[in-house]
Amino acid sequence: MTQTQITTNQSANQQNGETSKFIGLETQGVHAWFGKHHALSNVSLRFPERTVTGLIGPSGCGKSTFIRLLNRMHEFIPSAAMAGSVLLNGSDIYAPEEDPAMIRLKVGMVFQKPNPFPAMTIRENVLAGIKLAHLKRSNHDEIVEQCLTRAGLWKEVKDRLQASGGSLSGGQQQRLCIARSLAVEPQVLLMDEPCSALDPGSTLRIEETIKELAEKITVIIVTHNMQQASRVSDYCAFFLTDGGPGYLVEADSTRKMFTNPTDSRTADYVQGKFG
Amino acid sequence: MSTVANAGQLTTAEPRRPWAVSRSKRLLGFGRMLAFAVAAFVATILSPLANVDGWAVAFLLINLAWVIGIASKLGAKERRDAVLRVVITSLAVLAFVPWLSIFVTVILKGYRAIYPGYFISDMRTSTPDDELNIGGAGHAIVGSLVMVAIATVVTLPLGILTGIYLTEVRGRLTFLVRFIVQSMAGVPSVVAGLFIFATLVKSMGQYSGLAGGLALAVLMLPTVSRTAEEVLKLVPDDIRSAGYALGARQWRTALLVVLPTVRAGLSTAAILGVARVIGETAPLLLTSLNTNGLVWNPIGGTVASLPTYVFAMFMYGTEYSTARAWTGSLVLLALVFFFFIIARRLGNKSALKANANRRK
Chain A
919 MTQTQITTNQ
929 SANQQNGETS
939 KFIGLETQGV
949 HAWFGKHHAL
959 SNVSLRFPER
969 TVTGLIGPSG
979 CGKSTFIRLL
989 NRMHEFIPSA
999 AMAGSVLLNG
1009 SDIYAPEEDP
1019 AMIRLKVGMV
1029 FQKPNPFPAM
1039 TIRENVLAGI
1049 KLAHLKRSNH
1059 DEIVEQCLTR
1069 AGLWKEVKDR
1079 LQASGGSLSG
1089 GQQQRLCIAR
1099 SLAVEPQVLL
1109 MDEPCSALDP
1119 GSTLRIEETI
1129 KELAEKITVI
1139 IVTHNMQQAS
1149 RVSDYCAFFL
1159 TDGGPGYLVE
1169 ADSTRKMFTN
1179 PTDSRTADYV
1189 QGKFG
Chain B
283 MSTVANAGQL
293 TTAEPRRPWA
303 VSRSKRLLGF
313 GRMLAFAVAA
323 FVATILSPLA
333 NVDGWAVAFL
343 LINLAWVIGI
353 ASKLGAKERR
363 DAVLRVVITS
373 LAVLAFVPWL
383 SIFVTVILKG
393 YRAIYPGYFI
403 SDMRTSTPDD
413 ELNIGGAGHA
423 IVGSLVMVAI
433 ATVVTLPLGI
443 LTGIYLTEVR
453 GRLTFLVRFI
463 VQSMAGVPSV
473 VAGLFIFATL
483 VKSMGQYSGL
493 AGGLALAVLM
503 LPTVSRTAEE
513 VLKLVPDDIR
523 SAGYALGARQ
533 WRTALLVVLP
543 TVRAGLSTAA
553 ILGVARVIGE
563 TAPLLLTSLN
573 TNGLVWNPIG
583 GTVASLPTYV
593 FAMFMYGTEY
603 STARAWTGSL
613 VLLALVFFFF
623 IIARRLGNKS
633 ALKANANRRK
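Quick mapping for you: the protein sequence lines, in order, are chains A and B.
Just so you know, the first sequence maps onto residues 919 to 1193 in this note's numbering.
Just so you know, the second sequence maps onto residues 283 to 642 in this note's numbering.
Read the hints as simulated data drawn from the structure, not as lab findings.
Among the clues, some could well be false.
As the list claims (entries may be wrong) - One side only, chain B facing chain A, incomplete, derived with CB under 10 Å: (1) SER485; (2) ILE521; (3) ALA524; (4) ALA530; (5) ARG531; (6) ARG534; (7) LEU538; (8) VAL539.
For each residue, glycine too, the CB sits at the ideal point set by N, CA and C.
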C-alpha cells in the first residue's frame, strides 16, 4: 500500500516536471574530493519524500562520502572539497547563505557505530538535539515517549529513562541514537550502515523502525547487506568504482533493481557475484 | 559411565582454581622473602651498607645469591626465567625505595610535634623554640589552602579554555598556543615568583596572599592546560559528529556534549595542578612571604604557607623548630597524597571509562 502511494507521489512530481520544485532531496552532478583524491564522480539522484532509498555497492565506492555530502558533514574533513548541488525541497543546501547547522537539523544522521552521549541519561540523550540546537519545546515528556516509541525502544526503557545511555546493549544504543535524531523532527534521515555492528535481532528491530519512519520522513540508508536493502528500501542506488572515483551505476525501484536491472553489473552485484 | 551420568555430576560441581599456586607453595615463597628481608636488615647492621637504600641493595644481592644457588637444579630456560624474575622484581622494589625512604623519614621525624593544636593554632603567641605542645601550623595550612584556592579559581577556566582551543577549535594559533603552554611548564618557579613580584607586589606596595596565589597560578596553568588537552583528546570524534549531526553549533557541542563527558577528567586536571603547586616555596618567598599569625584576607599583607613555614622553621635551626618543620612537611605530604588519591578516584569514575568497562 505504501508502495503505490509513493509511486503516485513520484509520478505527480514527474508530470509537473520542472515547473514545480521537487519535494524531497535531490543531488545534481555531485562530486567529492579528499585533497587530490577524487572520491566520487557525478552523482545525480532524487529521493522522493516519504520513501526509503538504499545505497548499495562494494566498499570504497563512495556511498558514505555521498551520504555525508547530503547533510554537510563532508566539510568536517579538512581536505574535503565538492562540486555540484544538493537540493532540499528545491533549494541548494550549499548556497552561501545557508547555515550548515540548520541544514543538519533538517537532515539528520545515524552513524555506523552507536554513539549515544556517554555523560547523559537515556532521556537526556533523546532531548539532546533540542537542547543543543536551542529549540523551544515544552512537551519534553511527550517527545521522549514519542521518539522512543518510533525508534522501537520505548517498551524496553520506559522504566529506566534516568539510566545512562551507555548502559544499553549495542542494538538498543543504536535505536536510542535513532530516537535522538527524530526528536529534532528532521525531514530526511541519513543512515550510514546503521546495523553493521548489530546482531540479527536488533537489525530486524531497526528495519521495522525504518519502515515505520518512512510513513513520515525520507530515509536514505547505506547498507552492505543485500537482503536488508531488498527488505527495507523502496528505491535502490548502486555505486561502483573501477579504481578511480566512485560513480552511480543505476538507480531504480528496489523490485526492478533486484529482479530486472538495466546494467549487468547491478545484476551481478545483487546476486552476490562480486563485492 | 554414560554422558548422562557425567552431566549429573556437573550439578554438584564445586568451583575451584586448578591453575592457582598452592597455599603451601605461596607460604614458602612468602617465608623465604621474609627471611631474606630480615637477612638484608642484619646485613645493613653488620656491613657498611646503611639505611633503607642499603637494605634494598642487600636484599637484591641476597635474592641473586639464592637464584644462583638453586640455578644448578634448573634447566637452561628455567634458570634464565628465575634470574630475570629476581632481577626485575628487585629493581621494581629498588625504584620504590626513594619514595618509601622519603615517606618513612618524614613520618618518623614529623610525628613528634603532632598534637591536635598543631592544626589550629598559629605561632603568634609562641616562638619556634617553645615546647611542642603549644603553637602550630594552622595559619600555614589556611594560608596554603587560600592561595591554592585563588590559583585554582584563576587557572581552571583558563586551562579548560586552552584545552578546548587546542582540541575543539583548532584555530590558526594552535601550534603557537601549544608551544607557549609547553615552554611555560619549564619556567623555573622562582621566575614565576619574580614576575608577580615585579608586577603585582611592586604596584600594590605589599606582599599578599593574592600575589602568592597568582604566582602559583602561573605555575599551575601549564599542568592544567596540558592535562585538560589530553583528557579532551580522549573524547571520540563520533560523539562530536553526533552533536553536529543534530544541528548543534561547535561551541554548544563543546560545552554541552564534550565537556560533560570528561567532567571527571577535568577535575583530575585541577587536582593534579593543585598537587603540582602546593609545595612550591620559591615563588611564595617573593610574593606572600611568611607570617606568624592566621590571615584569611588575601590582600592584607604577608601570609604564611606550609612551604614557607617549613623553610622558616628549618632556618631557625633549634631542636624544637626543626621538629615543627618536619611536621609541616608531613602535613604537606599528606595533603598532596590526599589530592592525588582524589584525582585517581575521580579519574576512575569518568563517563568514558564507565562506558568502556561496560562494553568489555
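Evaluation of the provided hints:
1. SER485: Check failed: Cβ of SER485 of chain B comes no nearer than 43 Å to chain A, outside 10 Å.
2. ILE521: holds, 6 Å
3. ALA524: holds, 5 Å
4. ALA530: holds, 3 Å
5. ARG531: Hint holds; ARG531 of chain B Cβ to chain A Cβ min 5 Å, cut 10 Å.
6. ARG534: holds, 5 Å
7. LEU538: holds, 6 Å
8. VAL539: Interface hint status for VAL539 of chain B: holds (6 Å vs cutoff 10 Å).
In this structure, the one hint that does not hold is number 1.
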